[in-house]
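Make a model of the complete structure from these sequences and hints.
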Amino acid sequence: MKKSAPLVLGLAVAALVAGIGLRLLTKQHRVSFFPRRTPVQCTPDNPYEYSIDSLTGIDPSQVGYREAGRIALSLKAKPQAIAIGDDNRLYAAGGNEISQLDSAGAVLQSISVPQEVLCLAPGRNGKLFAGSRNTIMNYGSRGKLTRQWNIGGENTFITSLCGDNEHLFIADAGMRVVWKLDTSGRVKGKIGMKDTSRGIPGFVVPSAYMDVAMGRDGSLWVVNPGRHLIENYRTNGDRLSAWGSSGSNIEGFCGCCGPIQMAMLPNGSFVTAEKGIVRVKVYDPAGRFATVVAPHAAFNPKESNLDLAVDTAGTIYVLDSYGNQIRVFRKKTA
Amino acid sequence: METKSESSEKKQPEQSAPFNKRRGFLKTIGRSAALAGLGAGLFGLIRRPKAAMAWQLDPKKCVQCGRCATECIMEPSAVKCVHAYEICGYCKLCGGYHQPNARQLHTAAENQLCPTGAIVRTFIEDPFFEYRIDENLCNGCGKCVAGCGSFGNGSLYLQVRHNVCVNCNECTIAVRCPAQAFRRVPIYAPYIPKKKDGEA
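Going line by line, the protein sequences match chains A and B.
Each step along the first sequence adds one to the number in the numbering used here, with nothing skipped, and position 323 is 323.
Plus 334 on top of the position in the second sequence (first one is 1) and you've got the numbering used here.
Keep in mind the hints are simulated off the structure, nothing from the lab.
There may be inaccurate statements among the hints.
What the hints assert, rightly or not - Across the chosen pairs, the derived CB separations fall in these ranges:
(1) 433/B - 70/A: 30 to 38 Å
(2) 356/B - 16/A: 22 to 30 Å
(3) 441/B - 125/A: 53 to 61 Å
(4) 513/B - 186/A: 49 to 57 Å
(5) 455/B - 334/A: 45 to 53 Å
(6) 53/A - 443/B: 18 to 26 Å
(7) 513/B - 16/A: 37 to 45 Å
No residue lacks a Cβ here, since even glycine has one placed at the ideal position from N, Cα and C.
Have a look at this one:
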């Protein structure tokens, strides 16, 4: 036994050295005992190809706006939201940062935010409301956080904010409801919950897109994306009307949920944005299709975060998150 | 009279031979075990055992090229569409079920996107519908996956179904996949499921 011990030990060391050497060799020279072929170049023919090319084309005569400029954003994170105040101050948010910009895109003020911002709503006198997942943050005109409060429940996912002098309305895509808060942050009611006795069908929100905006008459407009409707509510929760239709045609809202964003023009018309077929359109105050602002070809086809803002002159600002910029569109003149 | 210690001293030489034998036996066992371990380690260093791995398709890399339907040796393909229900919006207008230009949102064949009619649509309550894949009909073409990703939440995705796959040494789809989305995965975790946050 004792005589064989060095032999066994020597064999073991030799096996170990051989194993490590072989491994290093195969790794260095990319040799495998079971070689895999590199992928071959395939012909582009796909008998099962899914194409929406035939649906994305738009007659140029239907485009009533021209691109007047682009404002590059210098946010550290991917931009998520834009907004314009009554004084036409432009805000953009991404990650934990909000930038206040002038019309040329120069940063006037940069605000560091404790939570990731998903939506913005300018208030009066330079105040600003920012919404994150389940938190509303109120900033003063100098960018100082003045108030912050949580709303909703475990599933709350705030996607949009708007307000009048007395109330703040918060679209909660997770809970499928619009929260009504007073200026001190107290919950004063919920709008849009399914109630057949009041003729309210309820919000259908397949993915986290749900927008709210105040109308000129002080009523509330809410996107019901799963039903492809834009619904009008009194601030007490009564449902007044709704318009919209599903479809890939130019008049309809495409995809599982649409429109994904909405803004109001000074004349009461609606600006809408869609994903899938990425396009921005204008509908008149009665909900009839009016014109195209920007067609599918103007954006990255995967763009799904076209936040909208409108200034007092009716200029439309569209967030192009893939391009990290704001696109400015003005109505074509005859 | 003999003391106990004296008797044990006398017995010791008799016990030494079997004791040494046992020690030698244990040494041999130990050396053999060490050699076996070394051998196993050596084999593992070179290549993990083939039987412990399986082919799978990474949904994050998949480009829905259609080759899963045309290149697999199985007929129909071992690649099937699967559904992440927690991601699905249960939409009435489903991008994976309906043709993008469907005129009516019902189950008529002309409105359906799937070339084999493998998606079963079931009404739940207005306006929600459940979509289930009939794997006997699905050929893994990925057309519905492209539609769902373009217009919906991306809850439909392709996976190699291991009750159909014969785990070829060299998968014919993997060779032809333009996105290099196929890879070997451990047999104890043979699927790459999509998660709610969109991360595969």
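For each hint, the structure was consulted:
1. 433/B - 70/A: 30 to 38 Å: Check passed, 35 Å falls within 30 to 38 Å.
2. 356/B - 16/A: 22 to 30 Å: holds, 29 Å
3. 441/B - 125/A: 53 to 61 Å: At 55 Å between Cβs, range holds.
4. 513/B - 186/A: 49 to 57 Å: The hint (49 to 57 Å, Cβ to Cβ) holds, given that residue 513/B and residue 186/A are roughly 52 Å apart.
5. 455/B - 334/A: 45 to 53 Å: holds, 48 Å
6. 53/A - 443/B: 18 to 26 Å: For residue 53/A and residue 443/B the Cβ distance comes to about 23 Å; the hint holds.
7. 513/B - 16/A: 37 to 45 Å: holds, 40 Å
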